[in-house]
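A.B. asks: Mind assembling these two chains? They're in different frames, but the hints should get you there.
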Amino acid sequence: MTDPIRRPKRKNPVVRTRLPVLPPWPRSRIALGLTAGAAEGRFVLQVCAECGAVQYPPREACHRCLSDRLPWREQSGGGQLISQTLLRHSHDIFFRERVPWRLGMVHLDSGPTVVVHLHGAVGAPPTRVRVGARLDKAGMGVLVGFPDKDVPHMADDRQLREMTCDPKFRKVLITDGKTRVGQALARALVSAGADLVWVGHAEPWKQFPGLAELKELPQVSLVPLDVTDARSVKEAAGEFGVKVDILINNVEVHRTHGITSRYGTDVARAEIEVNYLGLLRLAQEFGPVMRARGADGQSSAVAWVNLLSIFALSNFPPHGTYSASKAAALSLAQCLRAEMRPASLRVINIFPGPIEDEWNQLLPPPKLAPEAVARAVVSALQDGVEDVYPGDIAQEWLARWRESPKVLERELAGH
Amino acid sequence: MSRQGYQGVAVAVPVTVPYVRYSIRSAHWFIAKALRALLERAGLQKAQVDGACISGFLLFPDTAVGLMQHLGLSPRWLDHIPMGGASGVVALRRAARAVQSGDAEIVACIAGDTNHVDSFRHTIASFSQFARDAVYPYGSGGPNASFAFLTDYFMRTRGAEREDFGKLCVAQRHNALSFPHALFKKPLSIEEYLGARPIAEPLHLFDCVMPCAGAEGFLVMSEERVRALDLPFARVLATIERHNAFPDDPIQIRGGWALERDSLWNQAGLAPQDMDLVELYDDYPVITAMQLEDLGFCAPGEVVQLIRENTFTTEGSLPLNTSGGQLSVGQAGAAGGYLGLVECLRQLTGQALGARVAGARRGLASGFGMINYDRGLCAGAVVLEAGGQ
Numbered sequence: 001m002t003d004p005i006r007r008p009k010r011k012n013p014v015v016r017t018r019l020p021v022l023p024p025w026p027r028s029r030i031a032l033g034l035t036a037g038a039a040e041g042r043f044v045l046q047v048c049a050e051c052g053a054v055q056y057p058p059r060e061a062c063h064r065c066l067s068d069r070l071p072w073r074e075q076s077g078g079g080q081l082i083s084q085t086l087l088r089h090s091h092d093i094f095f096r097e098r099v100p101w102r103l104g105m106v107h108l109d110s111g112p113t114v115v116v117h118l119h120g121a122v123g124a125p126p127t128r129v130r131v132g133a134r135l136d137k138a139g140m141g142v143l144v145g146f147p148d149k150d151v152p153h154m155a156d157d158r159q160l161r162e163m164t165c166d167p168k169f170r171k172v173l174i175t176d177g178k179t180r181v182g183q184a185l186a187r188a189l190v191s192a193g194a195d196l197v198w199v200g201h202a203e204p205w206k207q208f209p210g211l212a213e214l215k216e217l218p219q220v221s222l223v224p225l226d227v228t229d230a231r232s233v234k235e236a237a238g239e240f241g242v243k244v245d246i247l248i249n250n251v252e253v254h255r256t257h258g259i260t261s262r263y264g265t266d267v268a269r270a271e272i273e274v275n276y277l278g279l280l281r282l283a284q285e286f287g288p289v290m291r292a293r294g295a296d297g298q299s300s301a302v303a304w305v306n307l308l309s310i311f312a313l314s315n316f317p318p319h320g321t322y323s324a325s326k327a328a329a330l331s332l333a334q335c336l337r338a339e340m341r342p343a344s345l346r347v348i349n350i351f352p353g354p355i356e357d358e359w360n361q362l363l364p365p366p367k368l369a370p371e372a373v374a375r376a377v378v379s380a381l382q383d384g385v386e387d388v389y390p391g392d393i394a395q396e397w398l399a400r401w402r403e404s405p406k407v408l409e410r411e412l413a414g415h
Numbered sequence: 001m002s003r004q005g006y007q008g009v010a011v012a013v014p015v016t017v018p019y020v021r022y023s024i025r026s027a028h029w030f031i032a033k034a035l036r037a038l039l040e041r042a043g044l045q046k047a048q049v050d051g052a053c054i055s056g057f058l059l060f061p062d063t064a065v066g067l068m069q070h071l072g073l074s075p076r077w078l079d080h081i082p083m084g085g086a087s088g089v090v091a092l093r094r095a096a097r098a099v100q101s102g103d104a105e106i107v108a109c110i111a112g113d114t115n116h117v118d119s120f121r122h123t124i125a126s127f128s129q130f131a132r133d134a135v136y137p138y139g140s141g142g143p144n145a146s147f148a149f150l151t152d153y154f155m156r157t158r159g160a161e162r163e164d165f166g167k168l169c170v171a172q173r174h175n176a177l178s179f180p181h182a183l184f185k186k187p188l189s190i191e192e193y194l195g196a197r198p199i200a201e202p203l204h205l206f207d208c209v210m211p212c213a214g215a216e217g218f219l220v221m222s223e224e225r226v227r228a229l230d231l232p233f234a235r236v237l238a239t240i241e242r243h244n245a246f247p248d249d250p251i252q253i254r255g256g257w258a259l260e261r262d263s264l265w266n267q268a269g270l271a272p273q274d275m276d277l278v279e280l281y282d283d284y285p286v287i288t289a290m291q292l293e294d295l296g297f298c299a300p301g302e303v304v305q306l307i308r309e310n311t312f313t314t315e316g317s318l319p320l321n322t323s324g325g326q327l328s329v330g331q332a333g334a335a336g337g338y339l340g341l342v343e344c345l346r347q348l349t350g351q352a353l354g355a356r357v358a359g360a361r362r363g364l365a366s367g368f369g370m371i372n373y374d375r376g377l378c379a380g381a382v383v384l385e386a387g388g389q
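Chains as they are written, first to last, in my numbering: chain A, 1 to 415; chain B, 1 to 389.
Treat the hints with care, as some may be off.
The following residues of chain B were derived to be distant from chain A, with all beta-carbon distances above 10 Å [unchecked claim]:
hint, residue
1, Ser140
2, Glu191
3, Gln267
Computed footprint of chain A on chain B, listed as stretches where at least three residues anywhere in the stretch have a Cβ under 8 Å from a Cβ of chain A [what the hints assert, rightly or not]:
hint, segment
4, 125-135
5, 148-154
6, 195-207
Have a look at the derived ranges for each label pair, beta carbon to beta carbon [stated by the list, open to error]:
hint, chain 1, residue 1, chain 2, residue 2, range
7, B, Ile190, A, Gly123, 26 to 32 Å
8, A, Ala338, B, Ile190, 52 to 58 Å
9, B, Ile24, A, Pro26, 22 to 28 Å
It should be emphasised that the hints constitute simulated quantities derived from the structure, not laboratory data.
Where a beta carbon is used, it is the ideal one built from N, C-alpha and C, also for glycine.
Isolated chain B, as found in the complex (with noise of 0.2 Å):
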């Protein structure tokens, strides 16, 4: 049986709230604001939001569920998504069924987390029992020894140089240039990057993605909604998600991208090629690289010469992560799952908040989340292509 596809229905008003390195706010704050700007910019009144889908990891105790009462929303259909960094890509699924299936009509997506000065290390320190268990206790140093440990891999089997990643990082800093919402403004050489202090060998100071407050937010609704709101709108072409693939491969050196990768195209129509930007989850350098092949931008254990072959810079070849990504804009916790498909959403729209992608009409988002133990669980990514108005 051939998936059903997402007809009908739009993604629309992409939304961010400025982010900041440090917050005295609550992650509650940060989502209030995401939900506020998605009603001023749609023109739309609370109660005609009659769906949501809420991530958050700093909402704790709330769920979705208080959020509401503290919200006043009544929705009648509500998600909670736990899935960090696949977040974006997993409501987005969910929301659209729901508005296709006609159970809510719009459904406001958000994610937003606070950083509060010691927020973060209390975060990793009680992340998920694997990690307290087995993780934690061994040097503590959350997700920057977790990736170290996946780019060591990484580089020895792929033959990946440091300068690899260094110009993937390049170059979403040159991107991030033009982003107002970016935290890093300043330009980063190569030399910069190669000189930098190491953090967790292999990694150093900008391999690593920064911890910081904000949210991100979008609209789920029919075509014959957005276009009577006269909204811009991107559709639906194809998604997918896979949790805890290949699980006996010793250490992570792909994810269930590679196993989902032919039903995203398949159900697209379209091959990575006909991607007009590429938005990918990019906490870590090494994490874009397994992307792009297990994603299909090039054959396996062959991205190291992708990238030799690539600018991904917004005006060149292979536009990768538009607004800079996590690694120049921040991450602003589960919205860090959000972010790509916030900005491809942009991109297709017209609403671009930095350097546009010329004539972009297809982009492909990713997400990437939750590292329980020794890799990450959830993997996810979803095809737009631009709606019209």
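Isolated chain A, as found in the complex (with noise of 0.2 Å):
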């Protein structure tokens, strides 16, 4: 088994805070097949369309026939560990702050032999092990060996946990609580180890239904937070910015109708301001202290989670400006994965199909529970992956864009 982690002792504010360094992140564009399977929780391998060969390291070409068909296959991730070492010495700085580290060779029973970064519980080799594939804090794709059966703890190991962004005794800000996802999202954090959770609340002075309850929960406290106010995010991050090392945005407005049968540009202007501008507000007042903390010991800063929608691949006309106001933060966010990627933050973005909530009534089920979203949160964030589909629709919506774009806005334009 894995040792668990502690709670981590108060912060010594004389010490001085260990500045975020990347592991090594130059890779070919070839390479970079892994890093698209690793952050959707996928460990992919080139396989030879024509020949079937796996390869790996990533190539052009076959090692095998030389074809130059080579898709990206799920792996079972089965193989033999043949050899081990306990890396004392780095010639990165990355590595350096963290030896020792542990690293495997593992044959794989599909083939190939690759290099591991090798989990606290896996045995000494000859042994079986599973690999797969993780992000690491550069947010590239690499290979990890875990032990063939699950053990107790095992997402507290050192190393992974340089891998995820498991919120085990780390501090959340949940961007709204008055929804039926925000209040599961708090509920799910907190089973899942949050050791405090801030969720905000744009009119204090309301009484939305649920809150009272989540009040009761010890880990989670109430703040004032308006995202259509500049000053209101201010005042947050200033209060406890320094504090938060997961953030989690899902504060939305929703409504129905695209362009003609809407007049005016109010409800749009309303939905970008919160879906939109409201991400970027945000992502100025917290980012950048946020920032400061991405290598900030056990439980440094480590994501940042946006509630998007799967209508923000492509348009869903029944729900147009709305639609359009997700494809604006789904850009916005890009970009905020490039800028907080230097310090080792990741930018999970989460695209659910039709949540049940009020603003869906009139869309056909299947519809995800607000639990659901929550559990595909929580789930993103202990496997660091950076993309989430959650729900039987936004699966099927993704492989039809994924197959033609165009095909599926055609089918969406209806009749």
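C.D. replies: Printed below as a string of structure tokens:
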């Protein structure tokens, strides 16, 4: 088993906060396929479409038949650990600060030998392991050798925790507690071991259902936060921003209709004000202080989660302006990801299909329960992935969009 | 068809540009020093050298081509060997054929590299596409980590103990003590070896080669020419090279030597036991052990017994890496691939700078290079015989 991590001691204000540095990030373009898979939590390798040979490291041509048709295919990851080392010296600053660092060589059942970061609970070679892909602190896909069977407290492995955003013993801000999703998120994060959960509410004078019960949880504190108000965001960041390890931006305005069925720009403006500019305000106030704490010990600042929508990928005309605001937010989130990366903070985008709430009333099932959205967020943090498409509808839209964005656009345009 | 031999080819003028841990000079500087030493020792003018074979990791962005203008040479035969630790053997093979065929008369073979305080890190961070994509992001241990994997596996598979590798390292340090260019000048005891700090377990400090700056070189020409110049020389009895051997082995436990061993000894008409000295590529002792097996000094799988039965000192049994090898002299980049060959040439031509292997007539030198991903890809070896004067 893995030794469970302990609640971190109070930070010593005299000691300088360690600055974030990244593990080596340069890769050849072809190797980024591994990162693209890892960003969704999948371990993929190139598999020759002609002869079936599995390739690693990534190549431009099949090492057996020289075909250049090498699609990335999901792998079981089963293999034999054939060699290991415990690194006590490194040429790179990131690892130099983190040695000893355990590495292994795994002979995959599918053929290739891979170098992996080796989980501490794996026994000495020769032994069976499961290889999985994770994003490292640079946001690049890397391979990890896990014990063949799960062991208690596996997520607490010191090396693995450098690649995930596990909420255990971390402090979390949820930007909107008035929705069922916000409340489900707060409960899920408390269950996942979060140390402290700030839950924002824009209008503290209003009694929203469920908020009073949420307040009963000892880890939860309600904080006033109105993302349409620059001063409100600034005050919140000034008050507790320096302690936020994970920020979950779930605040949104969602109204139905597209262009011609609604007159004027007021609704669209409100959607942009919250869904797009709200994100921008939060990022400008909380971003810099979180970036400074990207390597702040066991419970460093680690992740920024955006609740987007599958409608961000392609406009859903019955919810047309909402789709546009989410597309804008997606684009901004990509910018945020690029700017957070040097501080090793992960930006996680959640693309749910229609959620079971009042604004999706007229959409047919299946719809996502708020608890399912919350579970998806917690797993994304625990696995350290970047992009999550929870629910059957989101998965189906994603598959259709990947196959042909144009076909999907035409399908969504209706008859 | 039997392989053509190297009749009429002579190797001469072993040259070492003294090693330093760090230098503010470039690789070009070290190679220029080596060329000048070759010319002076051979009594040649620059224009008489009509062939050049160059290796150096840190020549970038130059290659052998740019270096010719840099040094004012106009060769009619030019080669650049980017094979790291195998570059000496491979350079000799290429140059010997050039001389034999008349494409060149006198070929200067030189490898040199510098070592700035931070240059080794840059070299390993961008060593190869595979290393950058699939090794360096995993702890950035460089060759220490790669050889730690090979050593861990070799120890388990062959039943080798740290003491066995220690014996090789201690013997080489003993040999180095009389070699003026060795950067390590203090004796090493087995207790010090075993007690050294871990670097990448199971490797400890004295298992790891030390990067440094320096250059090595020699001249290849016809026997007729070498006699006219009145230079001591050696003959080339046999050579081999093999790249990316055994790609289906899940981890390296043998190298290209194992495929080409018979070809080597058949061409030489000799056996491993006929060698008076052996200069094996030794950036980490596991590779020395692997070569002892692959080149036929013992049966496959029995190297541990061989190590326990021999002293490997210059004056003892199976004299190995008589200048101290890279582990005691230092690894001057690509020149590490020349060090053993140049020392072998010195011993066979009566020009040893340190202790001599008494009556040495025949020797073997090997090369091993380029951990592209998980294993060294280039393997080579050469058998030399004293040619007289």
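A.B. asks: Now, for every hint given, state plainly whether the structure supports it.
C.D. replies: Consistency of the hints with the structure:
Taking the minimum C-beta to C-beta distance to chain A, about 3 Å, the non-interface status of Ser140 (chain B) is violated against the 10 Å cut. Here Glu191 (chain B) stays apart from chain A, with its beta-carbon at least about 20 Å from theirs, past the 10 Å limit. Its beta-carbon lying about 31 Å from the closest one in chain A, Gln267 (chain B) satisfies the requirement of being farther than 10 Å from that chain. For the segment 125-135 of chain B, the stated coverage by chain A is satisfied: 8 residues place a CB nearer than 8 Å to a CB of that chain, which reaches the threshold of 3.
Figure legend: the segment 148-154 of chain B, annotated as covered by chain A; annotation consistent (5 residues with Cβ-Cβ distances under 8 Å, at least 3 required). For the segment 195-207 of chain B, the assignment as covered by chain A holds, since 7 residues bring a beta-carbon within under 8 Å of that chain's beta-carbons and 3 suffice. Hint check: Ile190 (chain B) to Gly123 (chain A), Cβ distance near 30 Å, so the stated range 26 to 32 Å holds. Between Ala338 (chain A) and Ile190 (chain B) the Cβ separation comes to about 54 Å, which falls inside the hinted range of 52 to 58 Å.
Hint check: Ile24 (chain B) to Pro26 (chain A), Cβ distance near 27 Å, so the stated range 22 to 28 Å holds.
In summary, the one numbered hint that this structure violates is 1.
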